Amino acid sequence: MNAREEILGALGTAAPPPGAADALLADPVRPSVAEDRVAAFLAALALPASGATHARIGSVADAPAAVARYLAEHGLPPAVFLPDDPRFAADWSGFALSLAITPDEPAVIAWARLGIAESGSLVFETGPHAPMLPNFLGLHHIVLLREAAIVSHLEDAALPGPQPRAHYWVTGVSGTTDIEGQYIRGAHGPRFLHVLLVGED
Amino acid sequence: MSAAFSRRVDAALADPILKLAIDRTAGTAEAKRALAVDGFAHFEQARTRAAAIKDHVVAHLGHYLEHFEASATAAGAQVHYARTADEACAIVIGICKAAGARTVARSKSMLGEEIGLPHALAEAGIGRIETDLAEHIIQLADERPSHIVWPAMHKTREQVSALFKQHHTAPHTEETIPAMAESARRHLRQGMLGADVGISGANFLIADSGAVCTVTNEGNAELSLVPPRVHIVTAGIEKLVPSMGHAAQLLRLLARSATGATLTQYTTFYTGPKRAADPDGPEAMHIVLIDNGRVKMRDEGLAEMLRCIRCGACMNHCVVFRQIGGHAYGGTYPGPMGAVLTPALDGLAASRDLPNACTLNGKCQEVCPVKIPLPTLLRGWREKSWREGLEPATMRQGIGAWAWVAQRPRLYRAAVRAAIFAMRRFGRGWIRALPLARGWTAHRDLPAPDAESFMSRYARGER
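Top to bottom, those sequences are chains A and B.
Numbering-wise (my numbering), the first sequence opens with residue -6 and increments by one.
Numbering-wise (my numbering), the second sequence opens with residue 31 and increments by one.
It should be emphasised that the hints constitute simulated quantities derived from the structure, not laboratory data.
Incorrect hints may have been included.
Stated by the list, open to error - Derived list of chain B stretches under chain A, where covered just means 3 residues or more per stretch with a C-beta under 8 Å from a C-beta of chain A:
id: 1; stretch: 89 to 96
id: 2; stretch: 281 to 290
id: 3; stretch: 295 to 309
id: 4; stretch: 440 to 447
Unchecked claim - So, partial list: chain A residues that the calculated Cβ filter (under 7 Å) puts toward chain B:
id: 5; residue: 10
id: 6; residue: 14
id: 7; residue: 46
id: 8; residue: 67
id: 9; residue: 69
id: 10; residue: 70
id: 11; residue: 164
id: 12; residue: 174
For clarity, every value in this text was computed on a predicted model and none was experimentally measured.
Just so you know, even glycine gets a beta-carbon here, dropped at the ideal spot from N, CA and C.
Can you make the complete structure from the sequences, with help from the hints?
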């Protein structure tokens, strides 16, 4: 008997009673989120555990100016990695744009599909226009998020239908407490997270 | 107590730095968890629900395995089954060799430690880059993890500094923890980007989508699993959940119980290899589902242990762990959860000391996010050890003699009178030394008994 047959044979493969799994999804026990989801999201984002900053912009067209301001504040040149994604359509002519991600990329721009108010998380998926590696390599992670795309809870982040290679939630920056419990930002990935909240056009 | 366990405990207790190192990390985790629990209004109900989710899965494990396998296969992943640690390692090594792998990047996984994967890779001549900072530290030190969340908690900054200076090409020049972390960041980055295979564990396996969920705070899992050509997952079969909604409920408890955070920084669900048009990701994804004693645990009274989500809260709150640290336990998993798991994984005969190295104060069960009755399971091992005759002869004879006398009330009372008479020869108020009881009196005094026993006063009519 092979390993699969032996394990499944020993366990038995009878299905649970109909509805039993769904009953464990009903009324999930979770922290309540204030009525104003945007305010709740921004509050979670600013908690020390996340330590992110944010700025509000009116539309995607305002993104280049907001990014330039952020980079200037951090003493960085106007150079970014920008994914080849039509959602970023704006005038980026003032920037040196990296065509491919480099190991020491200082700043990376990304688009989050959703924000989760409960935890201050940003939700991403991989796709033809959405590489994953840049979001973990850059030192400064600059994320565009539509205000209308902020949901309440973790459960609301699920993507219906066929799944992409990766669906991921980013809650703050890369951190570690592995040496004497001291919290260090930027262990492997981003040390800074900046959200550009895009209002209604 | 076995000589080997006794030696490890003595060494741990005699190490003043170890105690400090444990207290720094475990103490912080304990305080932060308490704050996180206070901030979650219905934490108790959430624990009850989490336990119910895990019990549901464990009761229908075969069904969910088949469901997961079908979903993951449909998404393009290849699913393998392994009965034992050796079988699992052989599968992983086989995949690495078929891919022509020279180096693998590994994202911390306690299951990998459990099955001895680091050793198997070394034997196969495959280079291994541990990408979690703590795993990197203990890889350099050639040691084993001492905690399931902070594997290097036993190392001080001075020890870490020395290791990095010895092994890093461009080590830190300033003796600060941020400078050391920066040195590791520089050193590990090239390795991760150049690895042929990325190996991870799984925090959850999602049956309805075939996704594998990993959580990290460093983002090292993602950096280890995106650039290589092949992604291999090694996961215990108990990691299943029916859907992402079930995982979400457990994720809330996992981070709060482990570090006191609302959520881990990076929570990723991987479903199959990269799609044709994706700009990055591995070309192949393999998932190895490993039993290694779990079916037996389910069927032989340890089903509740399969609820464990590996948060480490039980050890952070354990008075014994806080004194002796993780290495003294001698197994892959330390602390209360380790004392239950190790006899199941390594055999009770080799590890019967662990269930005894427990005060049964119940703190572990109180903080467990999935309500595992750890003290009850530990008592179960003690009973089994007795039934199987694994207790030493002096213990068996002593308890046998006591039981024989205790079943004969007249004799028992006479023995008590004799014991009181004898013990009072050795001290008034407190006994500082007593023959046959040096194990106790070497370290603390024993209160001397009253002149008369309760039973004799009761018999005299005193009420």
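Now the hints, each set against the structure:
no., hint, verdict
1, 89 to 96, "holds (count 7)"
2, 281 to 290, "holds (count 3)"
3, 295 to 309, "holds (count 14)"
4, 440 to 447, "violated (count 0)"
5, 10, "violated (9 Å)"
6, 14, "holds (4 Å)"
7, 46, "violated (16 Å)"
8, 67, "violated (17 Å)"
9, 69, "violated (18 Å)"
10, 70, "violated (21 Å)"
11, 164, "holds (5 Å)"
12, 174, "holds (4 Å)"
Hints 4, 5, 7, 8, 9, 10 from the list above are not met by this structure, while the remaining hints are.
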